[in-house]
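Visitor: Sequence:
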Amino acid sequence: MSQNKLMTGLLVGAAVGVIVSLLDRNTREDVIHKSQRATESAKYYANNTDELKSAFKEQAERAQNLYARISEDASYVGSKVEQVKQLVPEVKEVAMEAKTAVVETKEAVVESKDDVLSAVKEDNPSPSSSLTDDSSSQSNTQNRN
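With the UniProt record's numbering, the residue at position 14 of the sequence shown is 14, and numbering never jumps.
There may be inaccurate statements among the hints.
[Unchecked claim] Cut-off 27 Å, straight-line C-alpha distance, at most; resulting in silico cross-link-like pairs (DSSO-like, lysine-lysine):
#, residue 1, residue 2
1, K121, K106
2, K80, K92
3, K57, K34
[Stated by the list, open to error] Have a look at the derived ranges for each label pair, beta carbon to beta carbon:
#, residue 1, residue 2, range
4, L117, S79, 48 to 58 Å
5, T105, Q83, 23 to 33 Å
6, I70, N47, 32 to 42 Å
7, K85, D30, 51 to 61 Å
8, V88, V16, 52 to 62 Å
9, Q59, E90, 42 to 52 Å
10, A95, Q59, 49 to 59 Å
11, Q59, V20, 31 to 41 Å
Keep in mind that the hints were calculated from the coordinates and are not lab data.
As the structure is a prediction and not an experimental result, all values here were calculated from the model.
Think of the CB as a built atom: it goes at the ideal place given N, C-alpha and C, for glycine as much as any other residue.
Use the sequences and the hints to build the structure in full.
Guide: Take a look at the structure:
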């Protein structure tokens, strides 16, 4: 019973909406014009069923072509997503290797700085002394004493 009231309410509401909208002159003229065109098209296709079949067939072919293109595009995008998924671990590994290389380079620079500072602190560094060899710099200092 509630469904009957619902359907009755919907139909009454729709009818009232149509009547209110038709109070506007432009809307009435537009509805009349479009109704006439629809009637003419229906009569034309009723007399020319082959053309109607052809139009439906053409629309079906367009829909199939569109579906095929969308399927191809989805497949292409899916394959690219898979490639990206495979690249992520490789990129992560390269980034970790680069980080390690940067840290090692930093450590080497710090060590070189310390070696240069110790060499500069020497009074007369000999050209044959190694900047990284602590024993030779100590022996040079002892030799001078």
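Visitor: Evaluate each hint against the coordinates.
Guide: To see whether the hints hold, each was checked on the structure:
1. Simply put, K121 and K106 have alpha-carbon atoms about 23 Å apart, close enough for the 27 Å limit, and the pair holds.
2. With a CA separation close to 18 Å, the supplied pair K80 and K92 stays within the 27 Å bound.
3. With a C-alpha separation of about 25 Å, the suggested pair K57 and K34 falls inside the 27 Å cut-off, and the hint holds.
4. In this structure, L117 and S79 meet the distance hint of 48 to 58 Å, their C-beta atoms being roughly 57 Å apart.
5. T105 and Q83 have their C-beta atoms about 32 Å apart, which keeps the hinted 23 to 33 Å range intact.
6. Distance hint check: the CB atoms of I70 and N47 are about 36 Å apart, consistent with the given range 32 to 42 Å.
7. About 54 Å separates the C-beta atoms of K85 and D30, a value consistent with the hinted range of 51 to 61 Å.
8. At roughly 60 Å, the beta-carbon separation of V88 and V16 lies within the given 52 to 62 Å, and the hint holds.
9. Checking the proposed 42 to 52 Å range against Q59 and E90 shows it holds: the Cβ atoms sit about 47 Å from each other.
10. Against the hinted window of 49 to 59 Å, the Cβ-Cβ separation of A95 and Q59 comes to about 52 Å, which satisfies the hint.
11. In this structure the supplied range 31 to 41 Å holds for Q59 paired with V20, their Cβ-Cβ distance being about 35 Å.
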